[in-house]
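**Student:** Sequence:
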Amino acid sequence: MLVYLTLIDEESNRTKFEQLYLEYRQTMFYVASSILRDEHLAEDAVHKAFIKIIDHLEKINEIKCHKTKGFLVIIVKNISTNMYNKRKKENVVPIGEISNFSNQALAFDEKLLEDYEYSNLVKKILKLPPNYSNILMLKYGHGYSDDEIANILDISKVNVRKRAERAKKVLMEHLIVEGSEIDE
1262 MLVYLTLIDE
1272 ESNRTKFEQL
1282 YLEYRQTMFY
1292 VASSILRDEH
1302 LAEDAVHKAF
1312 IKIIDHLEKI
1322 NEIKCHKTKG
1332 FLVIIVKNIS
1342 TNMYNKRKKE
1352 NVVPIGEISN
1362 FSNQALAFDE
1372 KLLEDYEYSN
1382 LVKKILKLPP
1392 NYSNILMLKY
1402 GHGYSDDEIA
1412 NILDISKVNV
1422 RKRAERAKKV
1432 LMEHLIVEGS
1442 EIDE
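My numbering numbers the first residue of the sequence shown as 1262 and each following residue consecutively.
I should point out that these hints are in silico values taken from the structure, not numbers from a laboratory. Don't take every hint at face value.
30 Å max Cα-Cα, derived DSSO-like pairs, lysine-lysine [stated by the list, open to error]:
#	residue 1	residue 2
1	Lys1350	Lys1320
2	Lys1320	Lys1429
3	Lys1418	Lys1347
4	Lys1429	Lys1277
5	Lys1277	Lys1350
6	Lys1349	Lys1325
7	Lys1423	Lys1347
8	Lys1313	Lys1429
With the hints as extra help, turn the sequences into a complete structure.
**Tutor:** Listed below in structure tokens is the structure:
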């Protein structure tokens, strides 16, 4: 932890970071391990996440709140997914581990979203693939701009907008299918 603290100038930010580290390192390690399935790579992912978090300490107000936990988990998920994808390109991956994303074009229906309770909608979003759920949670759950999301996830602003568009389409697809099952 001393390595991280040397990267932080202000004492108040050091204290905040230390609290974050002690509170969430195990959770972040668990998330990284579940994606990477390798203890050493998970440690690397958590390390990279904490370095990224140092750049965004001013955005964190409370240490023990669901928003902070979600923010940190999204960062470590994205880093772990990027590491996994990089490793996947270098190695042969079993077919069972490759995800299939739906590319069907559906109109984004604001009215359908209004009919869902917030908690149910969040549950549906969290069931989406991480590339999609992370974007939606950062954008609508945490209120970050496309520029901020691009910086946090280390992707281009265009990629943020495209993923958000695709995420909305997939979410709407799931909501429409669920709605038709209830009607029958």
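**Student:** Against each hint, give a clear statement of whether it holds in the structure.
**Tutor:** Structure-based check of all given hints:
1. As the CA atoms of Lys1350 and Lys1320 are separated by approximately 34 Å, the hinted pair breaks the 30 Å bound.
2. Taking the CA atoms of Lys1320 and Lys1429, the gap is near 25 Å; set against the 30 Å cutoff, the hint holds.
3. The suggested pairing of Lys1418 with Lys1347 holds, with an alpha-carbon distance near 21 Å, which does not exceed 30 Å.
4. Note on Lys1429 and Lys1277: the hinted pairing is violated, with a Cα-Cα distance of about 34 Å set against a maximum of 30 Å.
5. With a CA separation close to 37 Å, the supplied pair Lys1277 and Lys1350 exceeds the 30 Å bound.
6. Distance hint between Lys1349 and Lys1325 is unfulfilled; the C-alpha atoms sit about 35 Å from each other, more than 30 Å.
7. For the suggested pair Lys1423 and Lys1347, the alpha carbons sit about 21 Å apart, so the restraint of at most 30 Å is met.
8. Proposed proximity of Lys1313 and Lys1429 is supported: the alpha carbons are some 27 Å apart, at most 30 Å.
The structure fails to meet hints 1, 4, 5, 6 from the earlier list, while all remaining hints are met.
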